[in-house]
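S.K.: Build out the structure end to end from the sequences listed, making use of the hints.
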Amino acid sequence: MITFEAVKKRFGQKVVLDGLSFHVEPGKITFILGKSGEGKSVTLKHILGLMEPDAGRVVVDGRSVAEMNPEAVKNYRRRFGMLFQHAALFDSLTVYENIEFPLIEQNPLPRRQRHARIVEVMQQVGVVGSERAYPSELSTGEKKRVGLARALAPRPDFLLYDEPTTGMDPLIAEMIDRLIVKVARENPHMTSVVISHDLKAALATGDHLIMLYQGKVVLAGAPPLFRESEDPVIRQFFSGSVHGPMLFM
Amino acid sequence: MEAKIEYLGRLTIFVRQVLGKMFAHPWRRHLFWQQSLFIGYDSIFIIILTGSATGAVFGLQIGGVFSFFKAEGFIGGATGLALVKELAPLVSGFVLAGRVGSAITAELSTMVVNEQVEAMEAMGIDPLHYLVVPRVWAAVFTMPFLCSVFIFVGMLGVYFVGSGIFAVSEGLFMAKIVELVKTSDILFGLQKMALFSAIIALLACYHGLHPLKGAEGVGLATTTAVVQMLLVILIADVLMSYLQVNLNL
Ligand SMILES: Nc1ncnc2c1ncn2[C@@H]1O[C@H](COP(=O)(O)OP(=O)(O)OP(=O)(O)O)[C@@H](O)[C@H]1O
Ligand SMILES: [Mg+2]
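Taken in order, these protein sequences are the chains called A and B. Here the numbering used here is used: position 54 in the first sequence is 55, and no number is missing along the way. Here the numbering used here is used: position 61 in the second sequence is 841, and no number is missing along the way.
Simulated from the structure, these hints should not be mistaken for lab results. This structure is a prediction, so every number in the text was calculated from the model and none was measured. You can take every hint at face value.
Pairs of lysine-lysine, DSS-like flavour, derived with a Cα cap of 25 Å:
#: 1; chain 1: B; residue 1: Lys784; chain 2: B; residue 2: Lys993
#: 2; chain 1: A; residue 1: Lys9; chain 2: B; residue 2: Lys993
#: 3; chain 1: A; residue 1: Lys15; chain 2: B; residue 2: Lys993
#: 4; chain 1: B; residue 1: Lys801; chain 2: A; residue 2: Lys75
#: 5; chain 1: B; residue 1: Lys993; chain 2: A; residue 2: Lys36
Some, not all, of what chain A presents toward chain B, calculated at C-beta under 7 Å:
#: 6; residue: Lys75
#: 7; residue: Arg79
#: 8; residue: Phe91
#: 9; residue: Glu106
Here a beta-carbon is modelled for each residue, glycine too, at the ideal position from N, C-alpha and C.
M.R.: Right, here's the structure in full:
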């Protein structure tokens, strides 16, 4: 269980998270929605302790992330897989080596088992054949899929996806959305947190949705709650209109 | 001024953290070799070029003066001493700062900007241990070796000048080298080079891991890093030479 307790974060003058509180149920798929620049990526980084709150706490399975010692943080992070928004693959390593990296560093499996696992996740995300390619030779969508394979490979307890389908064509996006559900089904104890702009995908695949606006939660709940909501921010997000409370600059 | 002091503080903390991790497990031997090869491969040609030119030119200048006193025989010994104690560490330090130091800063800052370093942290891997420690070890071992190459080709350069232009016999040339250049001088030069190597690697990594935001961050980090390396190398050179002369080390 991941709980945000009135988390505040600012960069210089800019307040990004302004007393953000929500919780993520274990074993479910939770979507965090919000417009660009709303602090979605910042929120994910707080879960991993890559950023620390200025005020408030992030509590995961009963422990505050900011209060862990370095050794505990290391072990804590190893329970997570994270797909970064821009994949963040290591440029100096091939696709195969990128996926192998956490397996070597985190839980040294025998070589043969490691190889089997890499092949398996590469098949799952559909990047078989590009083992020897370097990230610079891949398209945005392919990089994301390799990033996903790298996150999945060590079978983490939590999978964090930062905009898994942005920059992909509709067919691949659909495939990734299905994959998120499939992975979650196959690992019933795994908790998935997906950041997205894509409300339709969130309604179709999410168990629980959280809508961020101006550093706070506007609405959190199951998909039907969102479909029926009269909140102007939610309505605007649904319609994709420029008219409404959300300002676009 | 305040910013400069703050910078020095952060740099000191960084250096202390890295030094504290130099012997920490696991010992990543393949990264050490990879970095050593990179350093050698990237700079051996330019070291040979600058080394032979420095030896030849220095020999030519000093030979002109010596021939005035009919003391051309000293050309090898005098150049050897200058190379070993001063010219080789300083010039190869400058060359390696420009060649290897800048490459390290550019590589690491690109990794930061593309969130690769954050991705590493997210996997529970310490970037200081994974990225910085092997580079510092590789620099401290490989660069003094390159400095020896510099000395060797520099001596070849001055040999050709001495025998070709000043008609010094081989026997006299060698005898004066043995007479003037002591083992302690060679050790002093190589120690100095090891210190310059650590300066190059630490500054290169510090600036690489702390680039300014944005695309120009990488370029700016690289320029700042190289300028600081040259300055700090000069300061260290003056200090070490002063100490050696005054304390008779
Ligand atoms: N390390 C940082 N330093 C300074 N400002 C930052 C940093 N990280 C994020 N920000 C700022 O925080 C705000 C929120 O950023 P964030 O990346 O979380 O947005 P987002 O909701 O993920 O948007 P997008 O959908 O475009 O990815 C932005 O204004 C961004 O400039
Ligand atoms: Mg984002």
